[in-house]
Amino acid sequence: MRIANIVELGIKELWGLARDPVMLILIVYSFTLQIYTASSAQPESLNNAAIAVVDEDQSPVSSRILTAFYPPYFVTPKLVSQYDMDRRMDAGLDTFVLDIPPDFQRDLLAGRSPTIQLNIDATRMTQAFTGGNYVQSIVSGQVSEFLQGYRGESELPVDLVLRSRFNQELDKGWFGAINEVISAVTMLSIILTGAALIREREHGTIEHLLAMPVTPVEIMLSKIWSMGLVVLVATIVSIVVVVQGVLHVPVQGSLALFLLGAALQLFATTCIGISLAVVAGTMPQFGLLLILILLPLQVLSGGMTPRESMPEIIQNIMLIAPNTHFVILAQAVLFRGAGLSVVWPQLVALLTIGGVLFVFSLQRFRTFLR
Amino acid sequence: MTGPDLDGQTEGAEPRPNVVTLAGVSLRYGKTQALRDVTLDIPAGCMVGLIGPDGVGKSSLLSLVAGVHVMQSGKVQVLGGDIASRRHRDLICPRIAYMPQGLGKNLYPTLSVTENVDFFARLFGQDRDERKRRIDDLLRRTGLSPFPDRPAGKLSGGMKQKLGLCCALVHDPDLLILDEPTTGVDPLSRRQFWELIDHIRSDRPAMSVIVATAYMEEAERFDWLVAMDGGRVLATGSPAELLAKTQTKNLDAAFVALLPEEKRQGHETLVIPPRVEADGQDEIAIEAENLTMRFGDFTAVDTVSFRIRKGEIFGFLGSNGCGKTTTMKMLTGLLAATEGTARLFGNPVDPKDMDVRRKVGYMSQAFSLYSELTVRQNLDLHARLFRMEPDRIGPRIEEMLKRFDLTQVVDSLPDALPLGIRQRLSLAVAMIHGPDILILDEPTSGVDPVARDGFWQILADLSRKDNVTIFVSTHFMNEAELCDRISLMHAGKVLVSDTPKAIIEQRQAATLEEAFIAHLEEAIGQTATAAQPQAVVDPAAESEIAEPSATPAGRPPFFDIRRMLAYSQREALELKRDPIRATLAIIGSVILMFVIGYGINLDVDNLTYAVLDRDDTTVSRDYALQIAGSRYFIEKPPIRDYQDLDQRMRSGELSLAIEIPPGFGRDVARGQGPVEIAAWIDGAMPTRAETVRGYVQGIHSAWLTQKTRELKGDAATKGDFNLAIRYRYNPSIESLIAMVPAVIPLLLMMIPAMLTALSVVREKELGSILNFYATPVTRLEFLLGKQFPYIVLAILNYLMLVAFAVFVFRVPLTGSFLALTVAAVLYVLSSTAMGLLISSFIKSQIAAIFATALITLIPAVQYSGMIDPVSSLQGGGALIGQIYPTTYFVTIARGTFSKALDFGDLAGSFLPLLLAVPVLLGLGTILLKKQAS
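Those sequence lines, one after another, are chains A and B. The opening residue of the first sequence carries number 369 in the working numbering; numbering runs sequentially from there. The opening residue of the second sequence carries number 25 in the working numbering; numbering runs sequentially from there.
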């Protein structure tokens, strides 16, 4: 193995990319606009939740409850009839519908404990939980405020002071932005290396290379470093300019540590790209395999939904995926300001996964060249 | 036509009607000027040859005449009308046949011989009986009848071209346009090809044929010639007229004489001095001993042996696919021989031995240098890879540039250069490290006579002056004659190996070509008649093609279902021949559904927490116990102090930390307030934090109620009112029920879009898109035809996914299956149309994969209501969500699966889906070009 060969061949890859404007545009797009749109589209924990009210009481209490829901958490509630309620929920127009029964206020004041019904569209799981809690506490708050003066203080004086660490406002955009960067890193590095390899074979240049004093390891390493470098540079630009600059996401920890993680992640994903190319052989098959790999990586690595809630078996399977470790690392470093002492297991895991994939793809690569 | 006569143009004796006239036609690709102000009249009813080297504009001219390329300036009249007019193109398209350059370029390699011809016949709207009759007839005439079921990709070069001709002739064209049909074909097949054309012409004398060729000996038999160079017409006339005008004996010489002065400069008749047998020259440079290569049960190279002395030029002749390239690859170590040995300078070839490679320069058949690097960068890269010393590289590159005359183009990209120069560059690259052996695989294929002579002059110098051993394969007989010795190869075997002169004498032939053909015919006779049938026409079959054309005159219909189905059928066949693709699509989507359905779990549980209890009384422990009792939380060892808390939260070990202040128990008992319990939540992942907050608040208030009751009696907590929560549609709030119906739309978007997009872009990249340009298929027919098989595949996919959802995941389908299915059909129509739209503006497969992933994956996952409802999205994401079809199919899927809905309830979501299909298809149709540009 000669370092000089690896360097030369890698530079060749960079030239090739530099002369392909479509790819450049797509790279720039996925690391800038794409991240910006995805991050700013992320709703607040509860944003404009669709709510409607069936007010069968028409009393001061019911109107008090009605006016307590307002943007940005909820849309201004629509007053609907009981008949409309079912129809609107079926059509997915409302996520929450409150049904205040007739004579609610009278029964309340008489101590007859009337019941308000809250209907939740449970197919919208994300809002069903959090929104349900909000609605519950808003309604209770309004009712008890109304009742004050009618009754003395009887509650225990214990308050729960809740504080969110690392992201006080629970701004989903922050996390969305980072998650998007991770997706872009994965997608690009796999496509760039894999497709570069298939293209080289379809155009017959790989054969030419092999007639020269160049070994398969050198060819592979050259693609890994060059494409990895491109994505790494794009990542830096995107974190510094888009995430920190435009989206104003505060980065707590060390950027250098994050980038070290990113480099190891790239090592692993570029190896995935080569493995896929070697297994697929043709572009259409590569495209399909890509979806098959990319989707679970994106959805199950813990970036979209919390890892600990996944079934045990999926959690274990996903430990093989580099993304899982990279997401953990990125969260810890960027948001919680964790240092090397905390994230070293992830770094080791990434290195191991990358190493195994490298050996695998190298072996397949030799047969691929035959 | 009004065009002025070109200088020296001699008109034919009697005026003939013109089939094609060009006036002031120019064409440029980027910086390259392919045609410069060409004015030309081409007579009808005869065989017209365009002669001239590669890159002089022959192909450009033909593609303009065939109407497959967009006109830029000037005027081209074909069959009595302006080809720039779309109306006229539609009208005459069925009367033109166009066979593009490149072996089997317009064929579909996985389709069989019959299927290929059948596809073209369908495009011209022939019915079943007519197709069968014509195909049988054409296959018999071309000698392809014995293997109607062989895939086109497995035919030899000559057979591919004959099949291409069948495809072109299936609709009885009035104008046949052939772009270098015999380049890369062996002499015997070439001869058979022209005999075939002659017979067809004798049947249909009115047919005009325009042929581009680089073989001057072929051109001698044409009726009328157009000599071209540098995008201009040099001269026109019959071969005899051209010879007379230039006072030369053969067309090669005539062409050189016609060239402008500056191009002729330096050209002299090539003479290679005889080899001088000096001491040490008997050293054997290359030796092959019983080399054999088998791929499966196919023997590509069969016990080939030869010895080549140092400094010798050794020629290798044979048809395409006869094993020349494989032999060369074994010599370079690219392929390991199945049997036998190859030696270079006495050392066995070992693929792992890097030193051997440095002694060899290899130039592969296709131009395989990096088109993204400039000439200098290519030379520099190779010099470095061959480990030349850095200070020697610069001077060596200069030397090569000078020697191979590349100084002018040193900073150009290879794609912008004519083929002849590219081949010189390839040779320069192969020579950069000063190898002792050069292995050249058809280095001059498609290069013009002048450039070829120049190229061979360099070879001669290398051999005679530098004593480099040269092993070269070629199709050109005049090149073979320049070699010291040649081998004829056929079907993996060497037929004869000797000096050219000896071979001619041994066969008592007039020329080397005749000797070669004699050898070939003998070999074919030996290896059973089935291997290569005679192309001689069966006289009994001759009359049939001559009957009047069945193609109706007049403007073809705007939309013809038969043509659309022709494309569908072909696409379906290709899909069938590539089972991996279809299997991946169907099995893959089920796997993905499984993974995502189980994986995306929105019930947040198994949350880790720990308590920092500064009170440590029964009351505080009771509080902590309350959380431990929740099914959502998992307790971790207690927190020791703030530093411990900080460290454990940073590492992500704890999602929640609770701090109970000192004196908590006492204060609660006394009812003294306010007492504050502090809870820290890890906010790094906001959705999770939000849920944790809800849980903690719930647990806290439950504890309060319980405690109040204990301390103050039941009366105090008697509820003011109750809030009854009904979780509708999914009472147990299971993620699976929420997610599975949303995963189906996601998968039905990405996979069909990817497959459809690639199916079109692949045709663009591999060149078969030319068939779409050159046949009467309309854009809509083309797109719908390609879309159809993928729609069927996607519907199959949909059925699989629904079955999986219902029977494996046990997600009940409570609503109308019919409504869901109708919506699914509409939806896959739009997802495949999305693929077509992507393909209409993208040229390379990589970019198509990338763009499809970008355009489908992200909007479908993030903006279509799968996780967050579209109504709560903001900005650009919300806009995408509102127009993206997935949004509406998610609503329908959830509605029919969980909400027991039917058509009526979901009308609002069907409408956008209905709209999406024509919009996407319309955009795709508009953006797709019916001509190359």
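Hints should not be assumed to be uniformly reliable.
[Stated by the list, open to error] Stretches of chain A that chain B covers, calculated by requiring three or more beta carbons in the stretch to come under 8 Å of a beta carbon on chain B:
#1 432-442
#2 660-673
[Stated by the list, open to error] Derived Cβ-Cβ restraints for the label pairs, each shown as a range:
#3 S431/A / A726/B: 22 to 32 Å
#4 A702/B / I371/A: 47 to 57 Å
#5 E513/A / G687/B: 26 to 36 Å
#6 R638/B / Q731/A: 38 to 48 Å
#7 T720/A / L823/B: 54 to 64 Å
#8 G509/A / G687/B: 22 to 32 Å
#9 A924/B / A624/A: 52 to 62 Å
#10 T845/B / I371/A: 38 to 48 Å
#11 A924/B / Q731/A: 47 to 57 Å
#12 V614/B / T720/A: 28 to 38 Å
Keep in mind the hints are simulated off the structure, nothing from the lab. The C-beta atom is built at its ideal place from N, Cα and C for all residues, glycine as well.
These are the hints, each one checked on the structure:
| no. | hint | in the structure |
| --- | --- | --- |
| 1 | 432-442 | violated (count 0) |
| 2 | 660-673 | holds (count 9) |
| 3 | S431/A / A726/B: 22 to 32 Å | 30 Å, holds |
| 4 | A702/B / I371/A: 47 to 57 Å | 56 Å, holds |
| 5 | E513/A / G687/B: 26 to 36 Å | 30 Å, holds |
| 6 | R638/B / Q731/A: 38 to 48 Å | 58 Å, violated |
| 7 | T720/A / L823/B: 54 to 64 Å | 41 Å, violated |
| 8 | G509/A / G687/B: 22 to 32 Å | 29 Å, holds |
| 9 | A924/B / A624/A: 52 to 62 Å | 56 Å, holds |
| 10 | T845/B / I371/A: 38 to 48 Å | 60 Å, violated |
| 11 | A924/B / Q731/A: 47 to 57 Å | 54 Å, holds |
| 12 | V614/B / T720/A: 28 to 38 Å | 30 Å, holds |
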